[in-house]
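Novice: Assemble chain B onto chain A, guided by the hints.
Those protein sequence lines, which keep their order, are chains A and B.
Residues 17 to 523 (my numbering) are what the first sequence spells out, left to right.
Residues 17 to 523 (my numbering) are what the second sequence spells out, left to right.
For the record, the hints were derived by calculation from the structure and aren't laboratory data.
Keep in mind that the hints are not guaranteed to be accurate.
Put simply, identical chains are the same to the list, so a pair is met inside one copy or across any two.
Computed list of lysine to aspartate or glutamate pairs in EDC-like fashion (alpha-carbon distance at most 16 Å, straight line) [claimed, not checked]:
| id | residue 1 | residue 2 |
| --- | --- | --- |
| 1 | Lys132 | Glu150 |
| 2 | Lys319 | Asp442 |
| 3 | Lys478 | Asp233 |
Number of protein chains: 2
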Amino acid sequence: MRTIISLILLFFSVFGRSQELNKVRLYCQSNQSEILQSFSEFLEIPNIASDNININRNAAWIVKYMESNHIKNVQLLTSITPNQPPVVYGEVSVPGAVQTIVFYAHYDGQPVDSTKWFKGLHPFTPKLFSNSIENGGVQQNWPSKGLSIDPECRIYARGASDDKAGVMAIINGYSSLFVNSILPKVNIKFFFEGEEERGSGHLEEILSKYKSLLKSDIWVICDGPVHQSGKKQVVFGVRGDTHLELTVFGPKRPLHSGHYGNWAPNPGMELSKLISSMKNDSGYVTIKGFYDDVIPLTPSEIKALSLVPSVDEQMKKELGFKKSEILSPLNNTLNLPSLNINGIESASVGKLSANVIPTKAVASIDLRLVVGNDWKRQQNKVIEHVKSQGFYVTENIPTDEERARYEKICMISRSDGYNAQKTSLDNLIAKRVAKAVQLTTGESPILMPTLGGSLPLYVFEKVLNTNPITVPIANHDNNQHAENENIKLKNFWDGIAMFASIMMLPK
Amino acid sequence: MRTIISLILLFFSVFGRSQELNKVRLYCQSNQSEILQSFSEFLEIPNIASDNININRNAAWIVKYMESNHIKNVQLLTSITPNQPPVVYGEVSVPGAVQTIVFYAHYDGQPVDSTKWFKGLHPFTPKLFSNSIENGGVQQNWPSKGLSIDPECRIYARGASDDKAGVMAIINGYSSLFVNSILPKVNIKFFFEGEEERGSGHLEEILSKYKSLLKSDIWVICDGPVHQSGKKQVVFGVRGDTHLELTVFGPKRPLHSGHYGNWAPNPGMELSKLISSMKNDSGYVTIKGFYDDVIPLTPSEIKALSLVPSVDEQMKKELGFKKSEILSPLNNTLNLPSLNINGIESASVGKLSANVIPTKAVASIDLRLVVGNDWKRQQNKVIEHVKSQGFYVTENIPTDEERARYEKICMISRSDGYNAQKTSLDNLIAKRVAKAVQLTTGESPILMPTLGGSLPLYVFEKVLNTNPITVPIANHDNNQHAENENIKLKNFWDGIAMFASIMMLPK
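Just chain A, same shape as in the assembly (with noise of 0.2 Å):
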């Protein structure tokens, strides 16, 4: 008899929330041309974290969206150590609410070379095109009032995905049930970023002078890509992020490689050597201790995982490659920490290349981490490579008395960063999110341990012993940290849904 009545009460239950989802999506689409103008407007400020001047513009952009979007005490929360971007917050009480939700995305962006953005395009003067450059959409003009617009369409611009389309979707996610007069069932708050793509190195700060303000059951992390199958992903858990950069150094002056080549050291080839001794065959990093702090996946994340949809054929075709760097399913090598070359620079190549052995070698490292790994312990064991390969390192441009002493010399700098994270699959109020997004699709979602790309969740977690998950809406071809990034409106108008679902979080 029980059995019957709760099935009764689910089925008004889910009937209901269905009703309540169809206003969500007509509010979306009646009000297609505002959201998408404020959405452009918001996309014109550039937003690279270390433009102080812009990430000023972009706080108070966001600021008077949220107000007019009914979002009561908004303010900048700033860290202690001045001048850094602030967090923009917001919030709204429901009466007779006991649970708290603090939704999180991030305004700024990653460092842009407009140089290397299709013709036409510029990183902050975004533009809708009526699918991806690359499946041949066109340009379209910006939809007219009460106009609506396929979804398949893109906005390309820095930040369209990464992560300004979580600011947007989250207020709007809100703003569509106020106008529908649908209360959340929860208290919320809104914790918008301004320096994650810069590594958050005052998030710690900010989110200890605001405990208390900041107080929550869980935090919901609009960010990255949805799952590559299409299907929408709930996250328990991120890699953590940290850089090395390591420069080589050659002669004091570029020389003609005629009149010393074979006899003058070339850091370029240096530098390609050190690289190189990092990696075996099978992609697998050979620093000493590399893997050694990882703690292995739980049963349920492994079966977690073994539920995931594999697309490593569909990704291997889309992205024009036979073979994986490390043969294992792309979900398995995301659950292991990972050294990537970002970028390396020596000199010149092409039409500016020259006769020269140039004077230094850059490489820009980039290390992902995962639960057990600690990020200044997993950039001393890369450290410790660089001298076991003969080098003297130091932190500073080398004087001559090194240059005199030392055979090889290369100068590391380190960057921030910040450890991985992982929020337990049996987390109640995290299952209640997943079944939030489940409703909006009907479809359950995929319940992934952990995300390859990397937030500092983990320092949520330490500061206010909370535990994040990460609801992504990005397609997963959005080019994010790249030229060409870019969102499609589907995946848009969908976490509008999703945000507003789990506003409205069901039991």
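Specialist: Showing chain B alone in chain A's frame:
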């Protein structure tokens, strides 16, 4: 008795020569401001070989300057291929002279990246400094008429040493004889090339077309630096030169290094492994057969090399490194073929670095050749090596089919090139040129079997069946091919005297 008469004759000849050379020196001293003003005017004309308009402006300037310096039959020699940089030609016939020397220099320069020049310098705005900038030199005014200027001063500009200094020194060498009514002992031809730094792709066409006009007994080439010891040198050979550009491919679009790091192949890592497979830790090239074609040095070349003063320790100190690439004296290593990494590029480093797996990595490779090497065969050895490392080699951007079929793909672009050349140290007229150089300084010049740098001299040998030798004038620390190129005035004035002395060829 015969010996005594010879000695008396020799005394008068040397004494007479010394009188004449004094007049040449005096000419330079009295006309410093006018000569430097013309030099500066010449350096202001940009001289990148691909810049047709300015190359023609350079050629027109030289024509005018030669004519105003009493040189006859001045004309442009053009290749059959249209719109290529012309050679500027002129001549002086000497009544009774039975031998002819062609003097060669080139007026084009290496590509420039003006952002890399010292602050306040621009490659085509020549400036005078009291010394090298590294040694604390400060900017000077150009000298007024009649005022002398410290010979330690340097002119900074692209082409200042390589090789507009050669053009200026040769023309003024003749002019200094003419105004002093000193008759040269040989017929003189002037040959100023305009595409040497681009690989002299049309030199062979021009030499063939004007074969009879260019008939001579020897070519004297003015290019490259004097010996690092500061001693003058006469060089009997040059290395050959050619290039390859290697592009290794990663995913078709730049990928987020978190979401794909460990799984998507990284072209920077693959290129590093490829490059590092090309040399062992002793600096020798490991490519199969790389040294096979080398024709060993002759006993007289080995002897000549043993007489060259060692500058190895001095140069290591000056250039700031402890250990040479190949553990052998500089002059020995220049008698081997070389493989030098001129530049590497994959995505970005420093402030522009982003968290991506790049789509490609590019290396620009310079191959220097010695006698016995053939430039196309040497390129082929490198290409075979790339294949032996598991790469599929193509000349074009890989198609989707190729990407699906091959695990590792390398696109290789070949540039043009030319072989090495050597003239015998026992060549009689070359010995007389060396003697002429000796007369300007009083000390024997270094007789260098080969220059580390390259000039297309084998083309002269091939087409005209002539033996060129090289008489460099530039200071060794002239930054040729790079930013902050410069010529020390002392070297320039000495150069004028040397060419005047060679035109007065002693017996």
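Novice: Can you give me the call for Lys478 and Asp233, within, between, both or neither, at a CA distance of at most 16 Å?
Specialist: within (15 Å within a copy, 84 Å between copies)
Novice: One pair to classify: Lys132 and Glu150, alpha carbons no more than 16 Å apart. Within, between, both, or neither?
Specialist: Within. Shortest intra-copy distance 15 Å satisfies the 16 Å Cα cut-off; inter-copy 36 Å does not.
Novice: My question is about Lys319 and Asp442: at a cut-off of 16 Å on alpha-carbon distance, are they close within one copy, between copies, both, or neither?
Specialist: The answer is within: 13 Å in one copy meets 16 Å, while 82 Å across copies does not.
Checked against the numbered hints given earlier, this structure breaks none of them.
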